[in-house]
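Sequential numbering of the sequence shown, starting at 2, is according to this note's numbering.
It cannot be assumed that every hint is accurate.
Computed beta-carbon distance windows for the label pairs [what the hints assert, rightly or not]: (1) Q745 / E692: 20 to 30 Å; (2) E326 / M366: 29 to 39 Å; (3) A78 / R761: 52 to 62 Å; (4) N824 / D609: 29 to 39 Å; (5) R387 / Q549: 37 to 47 Å; (6) R666 / D119: 38 to 48 Å; (7) R761 / T291: 49 to 59 Å; (8) D265 / Q549: 47 to 57 Å.
Don't read these hints as lab results, they were simulated from the structure.
Here the structure is a predicted model, which is why all the values come from computation and not from measurement.
Glycine included, C-beta positions come from ideal geometry on N, C-alpha and C.
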Amino acid sequence: MSQSRGYLDDNPELESALEWAERWYHVPVLLVLLGFMLWNRVQSWENFIVDGEVLFSGNDAWYHYRSTQYVVNNWPATMPFDPWTAFPYGTSNGQFGTLFDQIVATVALIVGLGSPSDQTVAMTLLFAPAVLGTLVAIPTYLIGRRLGGRLGGVTAVTVMAFSTGWLLQRSLVGFSDHHVAEALFQALGVLGVMVAVSVAARDKPIYEQFIERDVDALRDTISWSMLAGVAIAMYLWVWPPGVLLLGILGVFFLIRLCLEYVHDSSPEHTAIAGAITMATAAVVSASRITVLEVTATSQSLLQPGLALAVGFGCVFMAWLARFMEQREYGRYVYPATVFAILAVGAVLMAVLTPNLWNFLTRNVMRVIGFSISETAGTVGEAAPLRDAGILFEAHGFAVIVAAIGGLILLGKQFLSDDAPAEELLVVVWALFILSATFTQQRFAYYLVAPIAVLSGMVVGRFIRWFDFSADDGIEYYQVLTILTVLLVIVVPLFAFGTTPVEAGSTGPGPSIQGWDESLQWMEENTPAEGAYGSGGDATLDYYGTYQQQDDFDYQEGQYGVLSWWDYGHWITTRAERVPNANPFQQGTGTAAPFLIAQNETQANNILDSTDEDDAKTRYVAVDWKMAETNGNLGGKFFAPPAFVDGVQSSDYYSQLYVQSNSGVRQVTFQQQAYYETTVARLYRFHGSAAEPRPVVVDWENKQTRQGAQYRGAPTSEEEPEGQQQGRIVREFESMEQARQYVEQDTTSQLGGFGDNPSERVPAMEHYRLVGSSETEAFPNSPQYRHSAWTKIFERVPGATVEGTGPANATVQAAVQMHNPATNKTFFYRQRTQTDQNGNFEMTVPYSTTGYDDWGTDEGYTNVSVRAEAQYQFRAVGTNNGERTGFIGTTDVTEGQVIGEDNDAATVELEPISIQQGNETSGESREPMTEDATEAGA
2 MSQSRGYLDD
12 NPELESALEW
22 AERWYHVPVL
32 LVLLGFMLWN
42 RVQSWENFIV
52 DGEVLFSGND
62 AWYHYRSTQY
72 VVNNWPATMP
82 FDPWTAFPYG
92 TSNGQFGTLF
102 DQIVATVALI
112 VGLGSPSDQT
122 VAMTLLFAPA
132 VLGTLVAIPT
142 YLIGRRLGGR
152 LGGVTAVTVM
162 AFSTGWLLQR
172 SLVGFSDHHV
182 AEALFQALGV
192 LGVMVAVSVA
202 ARDKPIYEQF
212 IERDVDALRD
222 TISWSMLAGV
232 AIAMYLWVWP
242 PGVLLLGILG
252 VFFLIRLCLE
262 YVHDSSPEHT
272 AIAGAITMAT
282 AAVVSASRIT
292 VLEVTATSQS
302 LLQPGLALAV
312 GFGCVFMAWL
322 ARFMEQREYG
332 RYVYPATVFA
342 ILAVGAVLMA
352 VLTPNLWNFL
362 TRNVMRVIGF
372 SISETAGTVG
382 EAAPLRDAGI
392 LFEAHGFAVI
402 VAAIGGLILL
412 GKQFLSDDAP
422 AEELLVVVWA
432 LFILSATFTQ
442 QRFAYYLVAP
452 IAVLSGMVVG
462 RFIRWFDFSA
472 DDGIEYYQVL
482 TILTVLLVIV
492 VPLFAFGTTP
502 VEAGSTGPGP
512 SIQGWDESLQ
522 WMEENTPAEG
532 AYGSGGDATL
542 DYYGTYQQQD
552 DFDYQEGQYG
562 VLSWWDYGHW
572 ITTRAERVPN
582 ANPFQQGTGT
592 AAPFLIAQNE
602 TQANNILDST
612 DEDDAKTRYV
622 AVDWKMAETN
632 GNLGGKFFAP
642 PAFVDGVQSS
652 DYYSQLYVQS
662 NSGVRQVTFQ
672 QQAYYETTVA
682 RLYRFHGSAA
692 EPRPVVVDWE
702 NKQTRQGAQY
712 RGAPTSEEEP
722 EGQQQGRIVR
732 EFESMEQARQ
742 YVEQDTTSQL
752 GGFGDNPSER
762 VPAMEHYRLV
772 GSSETEAFPN
782 SPQYRHSAWT
792 KIFERVPGAT
802 VEGTGPANAT
812 VQAAVQMHNP
822 ATNKTFFYRQ
832 RTQTDQNGNF
842 EMTVPYSTTG
852 YDDWGTDEGY
862 TNVSVRAEAQ
872 YQFRAVGTNN
882 GERTGFIGTT
892 DVTEGQVIGE
902 DNDAATVELE
912 PISIQQGNET
922 SGESREPMTE
932 DATEAGA
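Between the sequences and the hints, there should be enough to build the whole structure, so can you do that?
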């Protein structure tokens, strides 16, 4: 007898307390852990309330808000089709308006007593991920308990509670996406199958019992299997691409039934559970079909079809096992036959239905094949997880413990005749999710559950070896062992990297706040959908019900707003306008080539090829990230080239690597092709012409110790007098000096830094800046003279200016514009040539007068960016045989720019006397300041 046992015999009250603690300790511990999980996820909720409005984090949360509002208005129906995105087609996207939105809408209706306000719906959605993320711990505990007892379940929840990985990030308040609901319902589906196959192993159902209708013997197997099927169907309802789970279950049943036959056990019991589960999942998911085709992105024939295929496979393998048992085939003939049949079936599918075969293999490789497409690589969550060390940072030693647990369970399946089927299911689940995570890091939020339950299994079974029981007393070494094991798992989660509490601190981020200013401006200062050119109210019902269709017929006055796909949902929900592209990656075929088009004609042709006759793209919204080439700063310019054939990001920019006090810093410099793109001409120059300046980017070809080549700062070159060694951006007195330097130094180029092209960039004639955000991304940066976070441009017919001046001369026009949002001015410049008679014509997008005559009441834009003076024209020509300057001014009305007034603005350039030396050749030095640069106008 241990000393503690004797002490307990003398203290019956303490013994009773210890017995109670042993029986119920997990309840208060779980409540504390769940409480911490919820608190940690909601601690920053006030950060999402900005000026009384709820701002969500990310992109998809905003479309979920729209989908949830629709369910609130039409409960329980979800939105069948949405014309408020993917202009000019509209969309029906099955990943939104699913069970997740219905759950949130139902809660909002309850909280709002049947009529919730917009704020109530927004607040409900705001907290939804935190609540669902906390609830994931419940199936995690139950799975962990099945594998490692109550301590195993508690350990699993502990790992999940203190993990700083993707599940925490996806379940923080404000990240109101369906990801966390996926994790919850997938865990419920796995738990359901674990229970179903365990009950089947206990009750051992066989085919004859169904014939004899032995309900009592079959009741538990059928009931639990059907519940498992419902749980799987609910997961597919939350996220239709979740067919990955059906694949996991298919592989599990394939391996398990083969192992049972090899170990002289009947596969029939597990097969019956599998068949009922899959049949139930097929029937329930079939009730949600929205498209009669095979696709993974919507509720289609794929989900019930795959479920039926797995169920049929279970039935076939059970029949084949009986057939071979009756003929006394060898144990290994069965798995060999099964895999041979699968191989033949795959070949036949590839030959007879190549489209279906390509669809299945392509999606398998995309999810677990460790390879992604170039376009998928531009999506943050679809990028592969390239560093396994990130898993350790997120989950600590639990990753190693889980790996040990997985190997133990896997070895047991092959070496033991009585290994439970549910243990193999967890191993297969973990392996598939691990493969999916390294292929696309988005799946990492699934991974915490397998890691947690496998860690819990190891801890629970390890402690069980010490017979931790109050009946036999408690030794100190046992307590120390338990504490040591738990500390090994828990402490690294706090000691290395970001702590769980730090990881739980969050906010909506600067992007949505920077965009929201301009989108609110757009909602208030542009015509409603359906009112462009006519005025009046919107003709497109924002929460209307529209029948599913392939191509929505937009009516006259309805229009699109082009931007990169990242921002489509913000445009839909915050500006209540219809974006061409959206985070479903719809519209990239229009947005990408438009943004990198090398001339205005090409850009216009791209829009004209998709626009309808009576509904056109009227606005373009760009932010600094779309124009920024440095991805380390948050730039997204790299993305559009990935969606356009024949080009790549290196056609537009290159990298330099500079050593600084904080380490190696990446600097990007641009080629001329970058400055010719539509997005650069809009964001950087506001559609104005841009002249090269005497700025040179200089570098030196170097190599690392491993022999890799790279471009670095020119630290070894001999520099001309007045030029400092090691500078990567050099400024000269004149263009002639800059060009001479580039000719002599082959590792340098003219321009390419900031707003400095290598060659002249012509002006745009049909795009004008009409509004922007007040927030500036780089208020004091030399790379951006005008860095409003987001800028709104309008596509207009433009006004025709006709004039006369000296014959065969270059006429330059300029007008100074003021942006009240940033309180900064800029010049729009354009130039043209006069003919032999001195006549010229140009089209300009900016007006100087008549703003108040054409606003939203008339169906046009309340232009905020306005001229501070008339257009100024100048030219140098010959007058009476002498070289003479010519100048002139004119106004351009708003009606002329928007096409309501077809009359041309006119100007006659008058000669003025100029002094020798006052002519500008473009070779003189222009300092890199805004005032000096613009003074030439």
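Hints versus structure:
1. For Q745 paired with E692, a C-beta distance near 23 Å keeps the hint of 20 to 30 Å intact.
2. For the hinted restraint 29 to 39 Å between E326 and M366, the CB-CB distance of approximately 37 Å keeps it satisfied.
3. Distance hint for A78 and R761: a CB-CB separation of about 57 Å, consistent with the stated range 52 to 62 Å.
4. Restraint check, N824 to D609: a C-beta distance of roughly 36 Å satisfies the suggested window 29 to 39 Å.
5. Separation of R387 from Q549 is about 40 Å and conforms to the stated range, judged on CB atoms against 37 to 47 Å.
6. Checked against the given bound of 38 to 48 Å, the beta carbons of R666 and D119, roughly 45 Å apart, stay inside it.
7. As the Cβ distance of R761 to T291 is approximately 53 Å, the hint placing it in 49 to 59 Å holds.
8. For the pair D265 and Q549, the supplied restraint of 47 to 57 Å holds, since their beta-carbon distance comes to about 53 Å.
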